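Asker: What the sequence shown shows, in my numbering, is residues 122 to 288, in sequence order.
Because the hints were derived from the structure by calculation, they are not lab data. The model shown is predicted, which means the values in this text are computed figures rather than measured ones. In this text, a Cβ means the ideal position worked out from N, Cα and C, and glycines have one as well. Relax, there's no trap hidden among the hints.
Under the rule of at most 30 Å between Cα atoms (straight-line distance), these lysine-lysine pairs were calculated in the BS3-like manner:
no., residue 1, residue 2
1, LYS141, LYS123
2, LYS123, LYS157
3, LYS228, LYS239
4, LYS150, LYS177
5, LYS150, LYS182
6, LYS241, LYS177
7, LYS242, LYS228
8, LYS177, LYS237
9, LYS123, LYS191
10, LYS191, LYS141
11, LYS177, LYS123
12, LYS141, LYS228
13, LYS182, LYS241
14, LYS182, LYS162
15, LYS177, LYS155
16, LYS182, LYS242
17, LYS123, LYS150
18, LYS228, LYS182
19, LYS162, LYS177
20, LYS237, LYS141
21, LYS155, LYS141
22, LYS150, LYS162
23, LYS162, LYS191
24, LYS177, LYS146
25, LYS141, LYS162
26, LYS177, LYS239
27, LYS191, LYS228
28, LYS242, LYS177
29, LYS146, LYS182
30, LYS162, LYS146
Derived CB-CB ranges, DEER-like:
no., residue 1, residue 2, range
31, MET122, GLY234, 30 to 40 Å
32, ARG284, TRP244, 48 to 58 Å
33, SER132, TRP244, 35 to 45 Å
34, THR270, LYS237, 44 to 54 Å
35, GLU257, LYS141, 46 to 56 Å
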Amino acid sequence: MKTHYEVLGISPSATYNEIKTAYYKLTLKYHPDKNKGESAKEIFQEISNAYDVLSKYETRKNYDRSMSIKNESFNLKQNVKSSTNIKASYVTRPVSNKIFDFDEWVKNHYHHGFAKEKAKKQWQDLLEQHVYNLPEIIFLCALTFIITTVYGGYLYYGLAVQRKRKN
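Working from the sequences, and respecting the hints, build out all of it.
Answerer: Dropping the structure here:
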């Protein structure tokens with residue numbers, strides 16, 4: 122059975138744009154309206170399923186994880202079969218030459234959490250700034266009210282005096 126990557130003809134490290142491009146090219150070729158064969162209909166369904174899984178971050182991550190587990194399981198079974206004449210109580214996985222980059226792993230797995238924490242901290246800092254400005258705001262509102270009331274009284278008194286003079 123083909124993997125979703127093989128169905129779309131892309132590598133597992135393909136970007137979203139590469140996935141989308143491969144999907145559109147294949148759908149044009151195998152779309153039931155353009156290709157009337159029964160096998161084309163099945164291929165089109167496989168292409169659509171592959172795109173559905175690989176086009177979304179979470180579903181692709183889960184798919185890759187499940188494929189990794191299947192591959193590791195297969196490799197372990199192969200190692201056990203190839204070493205039947207060796208008596209050992211454990212099976213080791215083949216060591217790759219790839220150096221593990223912990224910083225990259227942390228960035229990939231916790232990026233969203235770090236971004237949320239940073240946004241939350243910025244929001245709290247902003248709220249704290251406004252809380253400290255609250256007494257100043259209350260003072261300015263009270264002062265504005267007093268000045269407006271005094272000025273309004275002055276205008277009212279001035280108009281009342283003018284009316285008395287006219288009468």
